[in-house]
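Participant: So you can see what is in the structure, the chains are spelled out below.
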Amino acid sequence: MTTADRVSELLDGVKRPVREITSPEGVKLNVQTASRWERMTAFLLDVTFLSLAIILIYSVGLVLFFTRLNLSIGLTFISFVAFVVRNMYFLHFELAWQGRTPGKKICGIRVVSRNGGELTPTALIARNLMRDVEFFLPMTLFLSLGEQSGWSSLAELGWTIALTALPFFNRDRMRAGDIIAGTIVIKMPKRTLLDDLASAPRQRGEAGYSFTPAQLAVYGAFELQVLEELLRRKQTPRVDSILSDVCAKICRNIGVEEAVPPQNVRKFLNDFYASERDMLEHGQLFGLYKDDKNSPDRKI
Amino acid sequence: MRYGAAQGGKSGELTLRSAEFRAAREDGWIKLDRMVTRVEDGGIGVLSASESEEITLLYRSAVSSLSVARNIALDRNMLLYLENLTLRAYLVVYGPRSGMSGSMAEFFRRGWPRAVRSVRRQLAVIALVFFVGAAAGFMIVRADVENFNLFVSERMSQGRGPDSTREELLGGEIFAPWKGFTEMFVVFANSLFRHNTMVGILCFGLGFMLGVPTIILIASNGASLGAFLALHSDKGLALDFICWLSIHGVTEIAALLLMGAAGLLVAQNIIFPGRLSRLESLARAGHSAAVAAIGCIAMFFIAGIIEGGFRQLIANTAGRLVFAAVTGLLWACYFIFAGGKRRDDSR
Numbered sequence: 152m153t154t155a156d157r158v159s160e161l162l163d164g165v166k167r168p169v170r171e172i173t174s175p176e177g178v179k180l181n182v183q184t185a186s187r188w189e190r191m192t193a194f195l196l197d198v199t200f201l202s203l204a205i206i207l208i209y210s211v212g213l214v215l216f217f218t219r220l221n222l223s224i225g226l227t228f229i230s231f232v233a234f235v236v237r238n239m240y241f242l243h244f245e246l247a248w249q250g251r252t253p254g255k256k257i258c259g260i261r262v263v264s265r266n267g268g269e270l271t272p273t274a275l276i277a278r279n280l281m282r283d284v285e286f287f288l289p290m291t292l293f294l295s296l297g298e299q300s301g302w303s304s305l306a307e308l309g310w311t312i313a314l315t316a317l318p319f320f321n322r323d324r325m326r327a328g329d330i331i332a333g334t335i336v337i338k339m340p341k342r343t344l345l346d347d348l349a350s351a352p353r354q355r356g357e358a359g360y361s362f363t364p365a366q367l368a369v370y371g372a373f374e375l376q377v378l379e380e381l382l383r384r385k386q387t388p389r390v391d392s393i394l395s396d397v398c399a400k401i402c403r404n405i406g407v408e409e410a411v412p413p414q415n416v417r418k419f420l421n422d423f424y425a426s427e428r429d430m431l432e433h434g435q436l437f438g439l440y441k442d443d444k445n446s447p448d449r450k451i
Numbered sequence: 004m005r006y007g008a009a010q011g012g013k014s015g016e017l018t019l020r021s022a023e024f025r026a027a028r029e030d031g032w033i034k035l036d037r038m039v040t041r042v043e044d045g046g047i048g049v050l051s052a053s054e055s056e057e058i059t060l061l062y063r064s065a066v067s068s069l070s071v072a073r074n075i076a077l078d079r080n081m082l083l084y085l086e087n088l089t090l091r092a093y094l095v096v097y098g099p100r101s102g103m104s105g106s107m108a109e110f111f112r113r114g115w116p117r118a119v120r121s122v123r124r125q126l127a128v129i130a131l132v133f134f135v136g137a138a139a140g141f142m143i144v145r146a147d148v149e150n151f152n153l154f155v156s157e158r159m160s161q162g163r164g165p166d167s168t169r170e171e172l173l174g175g176e177i178f179a180p181w182k183g184f185t186e187m188f189v190v191f192a193n194s195l196f197r198h199n200t201m202v203g204i205l206c207f208g209l210g211f212m213l214g215v216p217t218i219i220l221i222a223s224n225g226a227s228l229g230a231f232l233a234l235h236s237d238k239g240l241a242l243d244f245i246c247w248l249s250i251h252g253v254t255e256i257a258a259l260l261l262m263g264a265a266g267l268l269v270a271q272n273i274i275f276p277g278r279l280s281r282l283e284s285l286a287r288a289g290h291s292a293a294v295a296a297i298g299c300i301a302m303f304f305i306a307g308i309i310e311g312g313f314r315q316l317i318a319n320t321a322g323r324l325v326f327a328a329v330t331g332l333l334w335a336c337y338f339i340f341a342g343g344k345r346r347d348d349s350r
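The listed protein sequences correspond, in order, to chains D and V. My numbering puts the first residue of the first sequence at 152, with every later residue one more than the last. My numbering puts the first residue of the second sequence at 4, with every later residue one more than the last.
The set of hints was computed from the structure by calculation and includes no laboratory data. Where a beta carbon is used, it is the ideal one built from N, C-alpha and C, also for glycine. Some hints could be false.
Said to hold, decoys possible - Just the calculated beta-carbon pair ranges, DEER-fashion:
1) D:K179 to V:G105: 27 to 33 Å
2) V:S67 to D:K400: 34 to 40 Å
3) V:L213 to D:V214: 30 to 36 Å
4) V:R124 to D:I206: 54 to 60 Å
5) V:S53 to D:S361: 47 to 53 Å
6) D:F319 to V:A241: 26 to 32 Å
Unchecked claim - Here are the simulated lysine to any residue pairs, SDA-like style, with alpha carbons at most 20 Å apart:
7) D:K418 to D:L345
8) D:K341 to V:R37
9) D:K341 to V:Y97
10) D:K179 to V:R37
11) D:K341 to V:S51
12) D:K338 to V:E43
13) D:K256 to V:Q161
14) D:K338 to V:K34
15) V:K34 to D:R342
16) D:K256 to V:R37
17) D:K179 to D:T154
Construct the complete structure from the given sequences, taking the supplied hints into account.
Facilitator: What follows is the structure, encoded as structure tokens:
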């Protein structure tokens, strides 16, 4: 588990299964697999959009054909269009929007290639052909229950339910289509680049806090990044009280006797953060990595 | 040595190496970010030719920034941002490049015939299953015409059965009256297409269940074909029936068998993954299987039009036979020769 994941787990309580994919350049990228809940929501949204589209096609078509042409041709034409729309909806959007459908876009998830290669049209075709068997077939079976003899329909139903429930039985939450196509669905929040805390502008002539190497050697990268997250939070009374607790604790641990006045807490922590990061990054340049306060320096 | 801001310096400011690193590259990241956002909102088409080239370069430099940053920087926000940006850019750069129409053209020119060639062994197996099913159906119904109902459901027989007379079969089926251009070409052809496509997709998808349902489906389709043949030969209409069926059946049955063969390829890679892991082998086979299968939808479309329209338009047995032979020959040539060199792999 990387330091970044430990920090998220501590502060936000999120624990997502992470999967590593290797880009063609050989860089490992950590991706979070989308949760089953997100995927279900995305799918239900898509089915809703699809149904709305088909209803729209039928109503527009019916109005048009009732007035102009004979009914059976009209109906056929409409059902052909609806058939095409139903079968091409997912494929079209996943091709045009880099592995996203409208529902996936809303949920912030997308399809990527499992081994880090290119996401090919054939992979998208494969995963969407399977969709018919995974979802639309069980639906038809379910609707036609009772038409056939009990045992055979029960067996079919059991089989398809097992297939549909496949995402619950593997770590990457792949459905049958994903397995065949070699894809996974990942969650991808969009992040923004914030200002660097260590180079925050300071008023001229203002004295900052300074620390000795011994004081800075107490903490490691994990604590540094927790501190960074806390400092980046929006200023509220609650965050302020957390910060002053943190400040008091740091002072105790590194042996700073004089108390930090409340109005200087942020400034103290900011300076401590900058100095700590300077030292840890300096160490990293020479191959010394300190994970957290409990672990010794690790040579990399 | 002391770390901290109070030790002097120009304005009392601490300059970290990672901050310098960031300052030097930030502009490129932000430019890349903007481009990626545009593509995410509007599709790959929003980039001009020079921009598509530029985005690749910017992506490569972001990748190298990320690997450096992982080694020298501890700024969590920057690391996460860079990782996120690289991933987003990676998905644009290595995402699907062509839309629907571009993919289609390439597909029919090369991808599909190659994929079909790559499932030829499975196709042979599936064809065997189909013909064994057909032979079984034929023999059993031949022995006793009453067995016809075992193989053909009421919905499928539409009134045809052991009790049908020769005249009924000839007038109501083989040389059924022409109901008018639109009724046949549009309405009937369309419903046939939709039905057949769904059956075909099932044949393929059920390969995932180790191929057992695929084989059952193909065999039972074969059996009902055999049953029909036996019924007609009982009334002395064997040749007429074969021609009536094969005019579109060449295309339709070929497509059905291809779908089944693709399903079988999937099943084969689940059961015998070979040297690869099961998942890996499945992902590889899945590609050529899916390509082979999706093209069959086009075949079903053509078969639907032939069955719905041309079949009753060409109201004589010899004409139908010629038509069937020509379509069969065309398909064979296309699958054997289109798309360049013989290759086992569609990729």
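Participant: Of the hints stated earlier, which fail here?
Facilitator: 3, 4, 6, 10, 11, 13 and 14
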